[in-house]
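Fit chains B and C to the known structure of chain A by using the hints.
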Amino acid sequence: MRQVSLIAIALAGSFTAAPLAAEPLKIGIIESLSGAQTSTGRMFANGVHYGIDKINAAGGFNGEPVEVVEYDNAGGPTEAADKFRQAQADGIHIIVQGASSAIAGQLTEDVRKHNIRNPGNEMMYINVGAEAMELTGEKCHFYHFRYTSTAPMRVNALVATMKEQGKLGSRVYSINQNYSWGQDMQAAVKADEQMGDYEVVGEVLHDVNKIQDFAPFVAKIKAANPDTVVTGNWSNDLLLLMKATGDAGLKVRFATAFLDQPGNIANAGETALGHYIANAYDNSAADSSFADDYKAAKGHFPTFVEPQAAFAIGALQDALASISSDGGEVDVTEIAKALENTTYESPVGPISVRKEDHQTIRPVVVSQVVKDAAYPADGTDMGFQMVKVVPGEEAIYPVQPSCEMKRPD
Amino acid sequence: MEFFLISTLNGVIYGLLLFMVSAGLTLIFGMMGVLNFAHASFYMLGAYVAYAVSSSAGFWTGLIVAPIFVGIVGTLVERFLLRRVHVFGHAHELLLTFGLALIAEETVKLVFGDFPVNYQMPDALKFAAFTVFGTDYPFYRVFMGIVAVIMFVVLWLLLSRTRVGIVVRAAERLPQMAEALGHNIPVVFTSVFGAGAALAGLAGAVAGAFYPTNPNMALELGVIVFVVVVVGGLGSLQGSLLASLLIGLFSSFAVGIDWSAADFLALVGLGEEARSLGGLLTMQISSISATIPFALMLLVLLVRPAGLMGERG
Amino acid sequence: MARVLLPLALIGAFLLVVPPFLDLGWQNALINILIASLFALAFNLLAGQAGLLSFGHAAYFGVGAFAVLHLMASIEDGLAFPTPLLPLAGAVAGLLAGLVAGFFATMRSGVYFALVTLAIAELFHSLAPHWQGVFGGEAGLSSMRMPWGGIVFGSLIEVYYLTLAWVVLSILLLWGLTRTPFGRLALALRDNEQRVRFLGYNAHISKVIIFAISAMFSGVAGGLQAISNETANYVLFASAVSAQVVLYTFVGGATIFFGPVVGAVIFTLFAYLVSDITHSWLLYQGLIFVLVMLYAPNGLGGMIHQHLRHREHLDWSRLAPPYAVTALGGALVTAAAVFLIETLAVLFSREYEVARRDAGGGFPGYEVFGLDWSPLSPLPWLIPLTLFAAGLWLILRARQPITLLWQQVVAGSVPGDSTP
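Chains as they are written, first to last, in my numbering: chain A, 1 to 409; chain B, 1001 to 1313; chain C, 2001 to 2420.
Here chain A stands alone, though its shape is the one from the complex (with noise of 0.2 Å):
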């Protein structure tokens, strides 16, 4: 990969009769596979690779078994930037990635500017991961996927299905992080108040994965008496506040997003009983087929994001069978368009593309925290039981207005 290409292509030309192959589709995972978010970072990889390897058991695409390579960006945006380089030179068609919305709103620029500089060698970017609304807003282009769920959605299933059981009651009170996925969440949260018939009761956004000790925050949810708390918190900082919330004995429901990321249920304990979550799957929203398969194949049963990063390459499965490749390049305008018409069956329904801004429309799932639950989590006796899917259609918040997309067409 790193040769000096001129040689290269005079060696090349010297072979005037040699046939030319087919073109592998090249894929790149430029992930947290470092830092903070490594584990996070991981789980987006392992989806991926187990959709890539179905691809491939499959014949893979146009003739040649599609490739994968990992970038490590290392939990920032620098990195990803170099990382995403890295990419170009090693001819890499499609970028996957997950973990982070700031390096999402890298990668996605990266891609916007690569594809105008490079037009006929554009790069496709499957965001399996970046909730943050502005990729499908202000930051959306046509080379770009959102194969998972955004906070108005999370939070249109969570408010229906607690309002439904009754368990929502008339006093959200909502803490999230200080950037754009959290001040996302809190958005919504507001928007919901009619439709879930209650009052935000105090709203607060904190540093990012900066706070050590979340007692004073629970103080104030403690002073404004809520009956809900709503939260789009991740990693250590869902943590310390769950581990905060039973140091001092408040008992509040949560109402989260992240609640099944590993180790969260272990550290939380018993104050995680009844808590809920929305997410883009669980193993007790559907049949056992995906799940066993998912273990035969991994060794472990698909856990927090695996499940939507496996379900994206699934789509691409899809849009891939649908091309007749003609064993010459590969042409990723045409990939996109095929993605953009693919819906795909998952265990827990439909997912589809708006064409407006490259939004999947998918169906959510509401579960709860319980105890003798059928897939435990991270080695304790409770796990997470679906309480409800709630349709695609029912979850989807409206195209914003700031997304402009320019077809290629």
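Hints in this document: simulated from the structure, not taken from any laboratory.
Given the structure is predicted, the values throughout are model-derived calculations rather than measurements.
Any given hint might turn out to be false.
[What the hints assert, rightly or not] DSSO-like mimics (lysine-lysine), calculated; alpha carbons at most 27 Å apart, straight line: (1) 371/A to 1126/B; (2) 113/A to 190/A; (3) 337/A to 54/A; (4) 1126/B to 210/A; (5) 220/A to 1126/B; (6) 54/A to 26/A; (7) 26/A to 371/A; (8) 26/A to 113/A; (9) 1126/B to 251/A; (10) 295/A to 190/A; (11) 388/A to 163/A; (12) 295/A to 26/A.
[As the list claims (entries may be wrong)] Over 10 Å on every C-beta distance to chain C, these chain A residues come out as not near it, computed from the model: (13) 63; (14) 77; (15) 166; (16) 178; (17) 253; (18) 331.
For every residue, glycine included, the Cβ atom is placed at its ideal position computed from N, Cα and C.
Structure of chains B and C alone, referenced to chain A:
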């Protein structure tokens, strides 16, 4: 009222924790003129060693082994590394400790992984010490405070009432004179360095079970500890205690205060203008609570570098 | 003179002619090397020449980057400013920030100076994520280079030549500065500030000016990075960035002009080549730094310079054998360290933990360097041990002859030439 009380309690305890770490640093600087960038790494090592030991031998064993281990590491570092570069000047010593901090962080990442580890307090300590206004106050926080207070008392007694303490204080003031009187000053320096490291290690072992134990803890705490020793006065133990409590209380209260400069200006009728200007003026104190200690450190360094209780010059 | 010009000319020719033939990854690496070199040289103006150790130089690098990005965004919106002149914004921002920061920082000296610079950088680092208008919050700002004068600035090679031009210009200016009386003043301030004051100079103002110039060129370096990446993020103010430039400068050698460049090239190249192979490369970086601090206090550049200065008196026929022995010993010790660290990295990794769990708590085999090993056999432990012992023995054996030879060299050289 509840906010005030809880914030005070939290602030005092966080301040005492800061003191546990900064005590060693300020002593070492006062005595040897070396600002040890790796001091917070001793804190981190203490937490990780306690985690490793406690996984197999229990929390209390970890609590005892960690400071001893870290103290030995500190002694070896001083004896074999710092002393070597002493001849090249203060800048080189500073740089060396800097490099050691990097190595410590990377070694921890190598062995334990680049993510937080599950260092938990023992179940025996997981209860509420008391209930104030309906909120439980976890006993472990009180425990941390108790350990810090015991440490301060022991240190103070050692320094002021024992022979060893007198020699150490003499070595801090006039090392050549003390050496002329027959005391082995290099050994004194090494032992003080080792003791300072052990204290930081103990702080890590105690705090790591409450706060997240991750490879960034040295960096996060390290900068605040510098603020503390500068504000308190480099070399002064009492100053260090005072500054730790000050910063601890401030950090604790600031998180709950949502006022901004614009709100203060509103008191004199300039609120609208301030809000329209935006930027720094509309930032809430709770958001910039991490920034203010640095502003304080800058202020102290520029106005009164001796700090609150350090000696002038 | 010719001895200095020839290698410089060769390097210059390489940098001008070869890059279009390299792949994008290497072009990007070269851009990063150039930027790192400029940053290190700017830092060394303050640290090595004026003797003021700054631990917060990331502040001026970052300020430069953000200033350039804002200007880039304005050009994108229609401002008629030539794209190649973008780094000027970085220079101006760095200069202004340096003047203000330097005025306060240089009121103190030594450790206190270092702490003030640290506090200033941390002030930026903690404030930036909250000041969304200027710094773009957590995600930072992004923009796009606009074409100018017929050049699109779309491909990386064009960015490379722009970076090269600016870095060469800046280095020439910095070099020129050392040749002026003011440059000499900087050295004098490092050696004896009191004497400088007695000579009638205002030491404080002089130090502020040096600080500001150092910050200005750091701003240019930051601006170049903003141009290359088309983004700026508050993490540019992190202490890791300040730490990197300190590492580059002191490993390369703070006492000679091109020393920091040596350090910057080595570390950036090292990071590019090694960072995807092993996760422990930061550990290697730290170890190299500490070893250089302990055994080569003037850095690698300083060592090279030492040899160049005494080249008339060096008897290579007697020096070469112990040097070769030391090099061999060093290679063995390095191999041992790398073997051990990579082995430990695998044994402590999550994947191995899973493998152990699958093996029911035993110690299954693992793979490193393409070969399979078992942690229970003595082999993977004996290999690094023997390599280390052998290497250490060789180094210690060669130490005495080298020390003796150098004592003779220094004693035998012309008096007045042996100032360190």
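Here is what the structure says about each hint:
Distance restraint check for residue 371/A and residue 1126/B: the Cα-Cα separation of roughly 22 Å lies within the 27 Å cut-off, and the hinted pair is therefore satisfied. In summary, the hint linking residue 113/A to residue 190/A is not supported, as the alpha carbons are separated by about 35 Å, beyond the 27 Å threshold. Only pairs whose Cα atoms come within 27 Å are accepted, and residue 337/A paired with residue 54/A is accepted, the gap being roughly 22 Å. The hinted pair formed by residue 1126/B and residue 210/A meets the criterion: a straight-line CA distance of about 24 Å does not exceed 27 Å.
Pair hint residue 220/A plus residue 1126/B holds up; C-alpha atoms about 23 Å apart against a cutoff of 27 Å. Our distance criterion of 27 Å between C-alpha atoms is met by residue 54/A and residue 26/A, whose separation comes to about 15 Å. Between the alpha carbons of residue 26/A and residue 371/A the distance comes to roughly 44 Å, so the proposed pair goes past 27 Å and is violated. For the given pair, residue 26/A sits about 20 Å from residue 113/A by alpha-carbon distance, which is consistent with the 27 Å threshold.
Our distance criterion of 27 Å between C-alpha atoms is met by residue 1126/B and residue 251/A, whose separation comes to about 17 Å. The suggested pairing of residue 295/A with residue 190/A is violated, with an alpha-carbon distance near 40 Å, which exceeds 27 Å. Distance check on the hinted pair: residue 388/A and residue 163/A sit about 12 Å apart at the alpha-carbon level, within 27 Å; holds. Note on residue 295/A and residue 26/A: the hinted pairing holds, with a Cα-Cα distance of about 26 Å set against a maximum of 27 Å.
At roughly 26 Å from the closest C-beta of chain C, the C-beta of residue 63/A stays outside 10 Å, upholding its exclusion from the interface. For residue 77/A, the condition that its CB be more than 10 Å from all CB atoms of chain C is violated, with the nearest at approximately 5 Å. Distance check for residue 166/A against chain C: the nearest CB is about 37 Å away, which clears 10 Å, and the non-interface claim stands. With 10 Å as the threshold on Cβ separation, the claim that residue 178/A sits away from chain C is violated: the shortest Cβ distance comes to roughly 7 Å.
Taking the minimum C-beta to C-beta distance to chain C, about 28 Å, the non-interface status of residue 253/A holds against the 10 Å cut. No beta-carbon of chain C comes within 10 Å of the beta-carbon of residue 331/A; the shortest separation is about 21 Å.
Consistency with the previously given hints fails for numbers 2, 7, 10, 14 and 16, ordered from lowest to highest.
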